[in-house]
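Engineer: Residue strings, one per chain:
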Amino acid sequence: MSPQQLISITDLQISFGENTVVSDVSMTLNRGEITTLIGPNGAGKTTLVKAVLGLLEPSGGEITRTDALRIGYMPQKLHIDATFPLTVERFLKTAAFASQSDREQALQAVGANTLLKQSVHSLSGGEMQRVLLARALLRKPELLVLDEPAQGVDINGQVELYNLIARIRDQYGCAVLMISHDLHLVMAATDQVICLNRHICCSGRPEQVSNHPSYKELFGVPGAENLALYSHHHNHQHNEHGDIVPLESSDQPGTDDCCGGHR
Amino acid sequence: MAEFLILALLGGIGVALVAGPLGSFVVWRRMAYFGDTLAHSALLGIALGVLFDINFNLAVISCCVILALILVSLQRQRLVATDTLLGIMAHSSLSLGLVAVSLLDDVRVDLLEYLFGDLLAITPNDLIWIYVGGAVVLLLLWRLWNPLLAITINEELAQVEGVNVTQVRLALMLLIGVVIAIAMKVVGILLITSLLIIPAAAARKLASTPEQMAVFASLLGMIAVAMGLYASWHFDTPAGPSVVVAALAEFLLLYSLPIRRTA
Numbered sequence: 001m002s003p004q005q006l007i008s009i010t011d012l013q014i015s016f017g018e019n020t021v022v023s024d025v026s027m028t029l030n031r032g033e034i035t036t037l038i039g040p041n042g043a044g045k046t047t048l049v050k051a052v053l054g055l056l057e058p059s060g061g062e063i064t065r066t067d068a069l070r071i072g073y074m075p076q077k078l079h080i081d082a083t084f085p086l087t088v089e090r091f092l093k094t095a096a097f098a099s100q101s102d103r104e105q106a107l108q109a110v111g112a113n114t115l116l117k118q119s120v121h122s123l124s125g126g127e128m129q130r131v132l133l134a135r136a137l138l139r140k141p142e143l144l145v146l147d148e149p150a151q152g153v154d155i156n157g158q159v160e161l162y163n164l165i166a167r168i169r170d171q172y173g174c175a176v177l178m179i180s181h182d183l184h185l186v187m188a189a190t191d192q193v194i195c196l197n198r199h200i201c202c203s204g205r206p207e208q209v210s211n212h213p214s215y216k217e218l219f220g221v222p223g224a225e226n227l228a229l230y231s232h233h234h235n236h237q238h239n240e241h242g243d244i245v246p247l248e249s250s251d252q253p254g255t256d257d258c259c260g261g262h263r
Numbered sequence: 001m002a003e004f005l006i007l008a009l010l011g012g013i014g015v016a017l018v019a020g021p022l023g024s025f026v027v028w029r030r031m032a033y034f035g036d037t038l039a040h041s042a043l044l045g046i047a048l049g050v051l052f053d054i055n056f057n058l059a060v061i062s063c064c065v066i067l068a069l070i071l072v073s074l075q076r077q078r079l080v081a082t083d084t085l086l087g088i089m090a091h092s093s094l095s096l097g098l099v100a101v102s103l104l105d106d107v108r109v110d111l112l113e114y115l116f117g118d119l120l121a122i123t124p125n126d127l128i129w130i131y132v133g134g135a136v137v138l139l140l141l142w143r144l145w146n147p148l149l150a151i152t153i154n155e156e157l158a159q160v161e162g163v164n165v166t167q168v169r170l171a172l173m174l175l176i177g178v179v180i181a182i183a184m185k186v187v188g189i190l191l192i193t194s195l196l197i198i199p200a201a202a203a204r205k206l207a208s209t210p211e212q213m214a215v216f217a218s219l220l221g222m223i224a225v226a227m228g229l230y231a232s233w234h235f236d237t238p239a240g241p242s243v244v245v246a247a248l249a250e251f252l253l254l255y256s257l258p259i260r261r262t263a
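Protein chains in written order, with the numbering used here: chain D, 1 to 263; chain E, 1 to 263.
Hints were generated in silico from the structure; no laboratory data involved. Just so it is clear, CB atoms sit at the ideal spot from N, CA and C, and this is done for glycine as well. One or more hints might be untrue.
Restricting the straight-line Cα-Cα distance to at most 16 Å, the calculated cross-link-like pairs of lysine to aspartate or glutamate (EDC-like) are [stated by the list, open to error]:
(1) D:Lys93 with E:Glu113
(2) D:Lys50 with D:Glu62
(3) D:Lys77 with E:Asp118
(4) D:Lys93 with D:Glu104
(5) D:Lys140 with D:Asp81
(6) E:Lys205 with E:Glu250
(7) D:Lys50 with E:Glu155
(8) D:Lys77 with E:Glu3
(9) E:Lys205 with D:Asp102
(10) D:Lys50 with E:Glu211
From the structure, some residues in chain D lie toward chain E, with a derived Cβ separation under 8 Å [as the list claims (entries may be wrong)]:
(11) Ile9
(12) Leu53
(13) Leu56
(14) Gly60
(15) Phe84
(16) Arg90
(17) Phe91
(18) Leu92
If you want the footprint, here are the derived chain E segments under chain D, 3+ residues with CB under 8 Å [stated by the list, open to error]:
(19) 25 to 38
(20) 145 to 159
(21) 204 to 218
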């Protein structure tokens, strides 16, 4: 692996019993780069991320990590039972490795210092995401893994959250791997978009459409330049069984980035 | 005061002390049915204890632990939903226990004593089991407190942060098994879970941190033991069920008071 690479994945396959969820996935995560994973429900995004985190053993292929890689993880959602009395401070303290100053610094970074003494049960969706992000930052990660960080957050909140993630990347110099719940909207600061549907359908940079006047008109939100449309150029499609079939109009020019992962 | 009353009070207080923090985890992690299942298997432990002539407490603890291990491995296979699995195991282990006990014709086992407890018949030897077992449980809880909280919040997050989730979860089941074994004398197999969850649920009303909830649950449990014994002495009611009714009274009282939760 080159020194720029944090994680390198080759020909990854993950199966549960007979069911192959992810196959032929090869990708690299580079220092300081933002990678966004998109794809329909059941495409294996979360499974792939769990393998990257080391929570799942791959059934085939290889995941190589740099030595003692510090990973910060933000799960999709916490299901904390309402009977569990927990303030934001106590929540962060359960990460035993972090010091008081680590906690303060992380909360500062996500702009959630005022939430310290609040109950986690009283937080709004956006506030909870910030607190979770703060927890992921406690280790001063080299790689930040975010599972649908913008889920349940309205469009203004999403813009803010994406700004925040971009700021954190600059501040901590960490790489970011995130799952986006939206097929079309990804962060403009994304260096690499990977479209997954059990295999990698296509990957590349998001197109720079955010300065387009009609785009601004559509969203009319300050800071919307941090959102971009990623247009898809697939060289194949999936039928209702999920099998790969060629595009009906196959005379489409093969776009450079769309390698596909064919079996 | 009669000596057997003092023994009963000491025994009940010892069990309530341990049941407080452990019961809090049972409530937070929604393991009430799991606790019930383990408790139901205790009778099987008694039968096996008679059969192989081993100490009842040891037999019950090992039976609970073995059942917990079987449960975890069956849960992984996802043959049936977890609550169905728990239902199957709870009732079949209770029935197996009842059948096994009836087959032991040379030994008379007082079923009612095991099903509903016999607090007033506690011997000094039982007390030793309760306090030694309880001390071990409290010591382990104290050592594992933070990782236990971490896996209760989110197991995957805890694992990414370096907690050995499987080990900690196993330890929690083991601790519950031990508490069931020592609490059986006080409230009996059928009512053990109530001693774990009712004081903890009542304590939720007063607590703003997990530690407070654990301590208040212990205190409320001890008060319930004292009240139940008093009622049993004065009105000649069965001791175990009287303790549970006292705990219920505490729960109802606390939930009817206008206390605002802070966390």
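Engineer: Evaluate each hint against the coordinates.
Structural biologist: Consistency of the hints with the structure:
no.	hint	result
1	D:Lys93 with E:Glu113	violated, 44 Å
2	D:Lys50 with D:Glu62	holds, 14 Å
3	D:Lys77 with E:Asp118	violated, 45 Å
4	D:Lys93 with D:Glu104	holds, 11 Å
5	D:Lys140 with D:Asp81	violated, 28 Å
6	E:Lys205 with E:Glu250	holds, 11 Å
7	D:Lys50 with E:Glu155	holds, 12 Å
8	D:Lys77 with E:Glu3	violated, 54 Å
9	E:Lys205 with D:Asp102	violated, 32 Å
10	D:Lys50 with E:Glu211	violated, 32 Å
11	Ile9	violated, 17 Å
12	Leu53	holds, 5 Å
13	Leu56	violated, 10 Å
14	Gly60	violated, 21 Å
15	Phe84	holds, 4 Å
16	Arg90	holds, 6 Å
17	Phe91	holds, 7 Å
18	Leu92	violated, 11 Å
19	25 to 38	holds (count 4)
20	145 to 159	holds (count 10)
21	204 to 218	holds (count 7)
Violation of the numbered hints given earlier is confined to hints 1, 3, 5, 8, 9, 10, 11, 13, 14, 18; the remaining hints are satisfied by the structure.
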